[in-house]
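Peer 1: Based on the hints, put chain B in the right spot on chain A.
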Amino acid sequence: MPADGFSNEPPSKKHLTVKIPQGVIDGARIRLKGQGKLGHNSGMAGDLYLHIRVVPHPLFDVSGHNITITVPLTPWEAALGTKIIVPTLEGKINLTIPPNTQSGEKSRIKGKGLKTKTANGDLYTIIKVVMPAKTSENAKQLWQELAAKEAFNPREEWSVQS
Amino acid sequence: MNEKLFRISFDELCQLEGIEGHLIIEVVEYGIVVPLNKAKEKSNEKQWLFDTGNLHWIKKALRLHHDLEIDWVAIAMVIDLMQQKEALQKENETYQRQLERFITGDTHYTE
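Taken in order, these protein sequences are the chains called A and B.
Numbering of the first sequence is given in our numbering, commencing with residue 1 and proceeding in unit increments.
Numbering of the second sequence is given in our numbering, commencing with residue 1 and proceeding in unit increments.
Just chain A, with the same shape it has in the complex:
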């Protein structure tokens, strides 16, 4: 017995080629008219609904029509500023990282998100400062030099003395 109780026909298998319209977002339901089972009293074929789920992209996170990319930077790139190339959905763009960039800093690149017929979403970049997995002897010396000369204390507001 089919779940809807409308038809006693056994379920049939068929393949459909469906063009997904531009601007469809995660969770949308697309109606394919007349591709469902036959109706119970009108004799008209029912509809088939596709429930759209967007598979996570390796680089971009989608939220509505906006997308977010996490941008890894070395500590010295974050400190000194740099110019990097960021991938977008349509080719690459140049991004200037200003000196003293904080981890977690977010910026918006207008119109580089998902496109719909009426509007374009934006691309957001989130900075992530990454330490190298291993520190060479040379780098260690340079860090030590910096540690000796710099007075910056990120735990200033803690009551305990570090």
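None of these hints come from the bench; they were simulated from the model.
We put the beta carbon where it would ideally sit given N, CA and C, even for glycine.
Do not rely on the hints blindly, as some may be mistaken.
Computed spacing ranges between beta-carbons, pair by pair [claimed, not checked]:
1. Ala87/B <-> Pro154/A: 29 to 37 Å
2. Lys40/B <-> His65/A: 23 to 31 Å
3. Ala39/B <-> Thr96/A: 42 to 50 Å
4. Ser107/A <-> Glu45/B: 43 to 51 Å
Derived PhoX-like pairs (lysine-lysine); straight-line CA-CA distance at most 20 Å [as the list claims (entries may be wrong)]:
5. Lys13/A <-> Lys33/A
6. Lys149/A <-> Lys110/A
7. Lys106/A <-> Lys83/A
8. Lys59/B <-> Lys37/A
9. Lys59/B <-> Lys46/B
10. Lys59/B <-> Lys33/A
Which chain B residues face chain A? A few, computed with CB under 10 Å, are given here [what the hints assert, rightly or not]:
11. Leu5
12. Leu55
13. Glu86
14. Glu91
Peer 2: Quick look at chain B alone, frame taken from chain A:
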């Protein structure tokens, strides 16, 4: 083309989905779903068009009405809470994924 993909009319709801017209009116009256053209066709329900994304909410509301025999105000509240829960769940998934990219090693997402 998009009209057909994302919209369903009042008559089609009755004929194809087997929903009784007066129930659709109740569902709209209690704000469980809002027709796309409600402002324009306020009392002309035959002309109502619905977003296909709302169809499952209409069906859920009718199931609650039928199976649990609870009144429409309560159904509207349940549906509203379910929608809020769904939205939060989705938001949470997005944050989880972003957080994973941010605090664990790779900014490349792999399943």
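Peer 1: Each of the hints needs a verdict: does it hold here or not?
Peer 2: Now the hints, each set against the structure:
1. Ala87/B <-> Pro154/A: 29 to 37 Å: Since Ala87/B and Pro154/A have Cβ atoms about 36 Å apart, the given range 29 to 37 Å holds.
2. Lys40/B <-> His65/A: 23 to 31 Å: 26 Å, holds
3. Ala39/B <-> Thr96/A: 42 to 50 Å: 46 Å, holds
4. Ser107/A <-> Glu45/B: 43 to 51 Å: About 48 Å separates the Cβ atoms of Ser107/A and Glu45/B, which means 43 to 51 Å holds.
5. Lys13/A <-> Lys33/A: Distance ~17 Å between Lys13/A and Lys33/A Cα, so the pair holds.
6. Lys149/A <-> Lys110/A: Given that 20 Å is the threshold and the Cα spacing comes to 40 Å, the pair is violated.
7. Lys106/A <-> Lys83/A: Cα-Cα ~16 Å, so holds.
8. Lys59/B <-> Lys37/A: 17 Å, holds
9. Lys59/B <-> Lys46/B: Distance of about 19 Å is within 20 Å: holds.
10. Lys59/B <-> Lys33/A: The given pair, whose Cα atoms are some 18 Å apart, holds under the 20 Å limit.
11. Leu5: 5 Å, holds
12. Leu55: 7 Å, holds
13. Glu86: 8 Å, holds
14. Glu91: Hint holds; Glu91/B Cβ to chain A Cβ min 8 Å, cut 10 Å.
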